Amino acid sequence: MSELHLIELTRLHNAVRAVVRGFGSEQAEVDTVADNLIEANLTGHDSHGIGMLPRYVEACQQGGLVPNRHVQTALDAGTLLRLDGGAGFGQVIGRETMELGIARALQHGSCIVALGNSHHLGRIGAWAEQATRAGLVSLHFVNVIARSIVAPYGGADARFGTNPFAAGIPITGSKPVILDFATSVLAQGKTRVAFNKGELVPPDSLLDDQGRPTREPRFGVNPPFGALLAFGEHKGYGL
1353 MSELHLIELT RLHNAVRAVV RGFGSEQAEV DTVADNLIEA NLTGHDSHGI
1403 GMLPRYVEAC QQGGLVPNRH VQTALDAGTL LRLDGGAGFG QVIGRETMEL
1453 GIARALQHGS CIVALGNSHH LGRIGAWAEQ ATRAGLVSLH FVNVIARSIV
1503 APYGGADARF GTNPFAAGIP ITGSKPVILD FATSVLAQGK TRVAFNKGEL
1553 VPPDSLLDDQ GRPTREPRFG VNPPFGALLA FGEHKGYGL
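So that you can map any letter, position 7 of the sequence shown is 1359 in the working numbering, and since no number is skipped, the others follow by simple counting.
Think of the hints as simulated: they come from the structure by calculation, not from any bench. Predicted model only: the values in this text are computed from it and were never measured. Check the hints yourself; a few may be wrong.
To be verified - Taking CB as the label site, the calculated pair distances span:
# : residue 1 : residue 2 : range
1 : Ser-1462  : Ala-1498  : 26 to 34 Å
2 : Asp-1383  : Gly-1438  : 14 to 22 Å
3 : Thr-1362  : Ala-1429  : 40 to 48 Å
4 : Ala-1455  : Arg-1564  : 25 to 33 Å
5 : Ser-1500  : Lys-1527  : 34 to 42 Å
As the list claims (entries may be wrong) - Only pairs whose alpha carbons sit at most 20 Å apart, straight line, appear in this in silico SDA-like list of lysine to any residue:
#  : residue 1 : residue 2
6  : Lys-1549  : Lys-1527
7  : Lys-1527  : Leu-1364
8  : Lys-1587  : Ala-1519
9  : Lys-1527  : Glu-1481
10 : Lys-1587  : Glu-1481
11 : Lys-1549  : Ile-1390
12 : Lys-1587  : Pro-1555
13 : Lys-1587  : Lys-1527
14 : Lys-1549  : Ile-1402
15 : Lys-1549  : Leu-1405
16 : Lys-1587  : Asp-1556
17 : Lys-1549  : Thr-1425
18 : Lys-1549  : Gly-1415
19 : Lys-1549  : Glu-1568
Each residue gets a CB set at the ideal place from its N, CA and C atoms; glycine is no exception.
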């Protein structure tokens, strides 16, 4: 088992901001990215929190993540927007995308937004929460174009992404309903969390590199890679 570390919140904010600043990000981007990652940890979603930073560093070094990018409009058809994230930080691109979509929905009654070429968008439920604060219902369908990590139903190796889904429904006088899940049994980041903690993943959630059921999270983190299983067998695979 790994050792548990407790870090005072202000120190953590300062440390994460220092890392993001090292990408060359301007201060507004530094604050947005750091706040989003730490918020994920504080709400119990370590899989989408500061543990993502090593992946961001690698992506930046390889050119897959570009600092100080803002969303660009590729198609504007009133209630239909197609946007390009320019490989920018998903925390910034996602917020700007939602701002545009919310404004159009408030103007026209509804809006469909398609966003491409963004880096990791973080916890998708955060964007559903942003819509509910504006009094709007939102549905979010996300595809992941990194390496394949989910096996098709009945398959033995990875062919798909985790392809998350989220929804947000505001409720007057109460907290909103937020639904946020991957179409795999586990979010990929949860295998990383389990690996770092020295824990096993739940049964029937992961295959090893030979297509055999395993509870060892290393097959979701380090090569040779295995594959996550879809939730609900054929149902999650169908989604």
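| Gly-1438 and Asp-1383 - C-beta distance against the hinted 14 to 22 Å | holds (19 Å)
| Do the beta carbons of Ala-1455 and Arg-1564 sit within 25 to 33 Å of each other? | Between Ala-1455 and Arg-1564, where Cβ atoms are some 50 Å apart, the hint is violated.
| Straight-line Cα separation of Lys-1549 and Gly-1415 no greater than 20 Å? | With a Cα-Cα distance of about 30 Å, the restraint between Lys-1549 and Gly-1415 is violated, given a limit of 20 Å.
| request: For the range 34 to 42 Å, tell me whether the beta carbons of Ser-1500 and Lys-1527 fit it or not. | output: Holds, since Ser-1500 and Lys-1527 (Cβ atoms, about 36 Å apart) stay within the stated range.
| message | Run the distance test for Lys-1527 versus Glu-1481: straight-line Cα separation, threshold 20 Å. | response | Satisfied, since the Cα-Cα distance of roughly 10 Å is no more than 20 Å.
| field | Agreement of Lys-1587 and Pro-1555 with the hint, judged by alpha carbon distance not exceeding 20 Å | value | holds (18 Å)
| task | For the pair supplied as a hint, Lys-1549 and Lys-1527, confirm whether the alpha-carbon distance does not exceed 20 Å. | result | Violated, at about 32 Å.
| query | At the C-beta level, are Ser-1462 and Ala-1498 separated by a distance inside 26 to 34 Å? | reply | Cβ of Ser-1462 to Cβ of Ala-1498: about 31 Å, so the range 26 to 34 Å holds.
| request: Quickly compare the C-alpha distance for Lys-1549 and Ile-1390 to 20 Å and report which way the hint goes. | output: With Cα atoms ~18 Å apart, Lys-1549 and Ile-1390 stay inside 20 Å; holds.
| query | Taking only the CA atoms, is the gap from Lys-1549 to Leu-1405 under or equal to 20 Å? | reply | Holds: Lys-1549 and Leu-1405 sit about 17 Å apart, inside 20 Å.
| message | Against the 20 Å threshold, does the CA-CA distance of Lys-1549 and Glu-1568 hold or violate the hint? | response | holds (12 Å)
| message | What's the verdict on Lys-1587 and Ala-1519, does the C-alpha distance respect the 20 Å limit or exceed it? | response | holds (18 Å)
Hints 4, 6, 7, 10, 13, 17 and 18 from the earlier list are contradicted by this structure; the remaining hints agree with it.
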